[in-house]
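Asks: For reference, the chains in residue letters:
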Amino acid sequence: AQKVTQAQTEISVVEKEDVTLDCVYETRDTTYYLFWYKQPPSGELVFLIRRNSFDEQNEISGRYSWNFQKSTSSFNFTITASQVVDSAVYFCALSEARRGGSQGNLIFGKGTKLSVKP
Amino acid sequence: NAGVTQTPKFQVLKTGQSMTLQCAQDMNHEYMSWYRQDPGMGLRLIHYSVGAGITDQGEVPNGYNVSRSTTEDFPLRLLSAAPSQTSVYFCASSYSPRRGTEAFFGQGTRLTVV
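Chains A and B supply the protein sequences, listed in that same order. Take 1 as the starting number for the first sequence in the working numbering and just add one per residue. Take 1 as the starting number for the second sequence in the working numbering and just add one per residue.
Just so you know, these hints were derived from the structure itself, not from any lab. Predicted model only: the values in this text are computed from it and were never measured. There could be a bad hint or two in this list.
[Unchecked claim] In silico BS3-like pairs for lysine-lysine, Cα to Cα no more than 30 Å straight-line:
| hint | chain 1 | residue 1 | chain 2 | residue 2 |
| --- | --- | --- | --- | --- |
| 1 | A | Lys-113 | A | Lys-16 |
| 2 | A | Lys-117 | A | Lys-70 |
| 3 | A | Lys-110 | A | Lys-38 |
| 4 | A | Lys-38 | A | Lys-117 |
| 5 | A | Lys-3 | A | Lys-70 |
| 6 | A | Lys-38 | A | Lys-3 |
| 7 | A | Lys-3 | A | Lys-110 |
| 8 | A | Lys-70 | A | Lys-110 |
| 9 | A | Lys-113 | B | Lys-9 |
| 10 | A | Lys-3 | B | Lys-14 |
| 11 | B | Lys-14 | A | Lys-16 |
| 12 | A | Lys-117 | B | Lys-14 |
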């Protein structure tokens, strides 16, 4: 069965600290996709990144970086030099590509609330 | 570019009332879905549709109905509202989720059932 676990419910850091948000997933599919979404206090859901199961290359986008490791079924998200504007709930999500199954439905983790204090 | 539009943004219902949450997208996406977000629970899939005339149940479908008569619209109906349906509801669309395209979300509808 598919499952996404974000063990950290809440994290609080001081501005300029680095912070890593953990995401562990379970799937029996060999082709799948992993996502991170951000939900700022205003409530909308903002897409951050997508990774497919065949691409384990880490990605960096400005202060954001993602570490995908199939060996540990993890897709962790690091914010370097955090800022107050990074305060949000962050969701990790999984979708599978197999036919006749879930049609690619997103399975979300429960989210990690990040508070960055000035 | 409107993207995914949900209405209303806020709604208060009395127990037993019915209502329809509207969702429309202008990106010509075949796939649309409804999620509910509850504190500490993440987002859970209610219903989804892979195209006009095709709908299916997600993880938490009880108490909700959907239909998909056009590609653009995917309304969610609460037949007889219950306090347990107090939640924030999100509609989403995606071009090809089985190929891993990202989902675009509406702004959400905050529903309170009293």
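Asks: Hint by hint, which ones does the structure fall short of?
Replies: Of the numbered hints given earlier, those the structure breaks are 2, 10, 11 and 12, listed in rising order.
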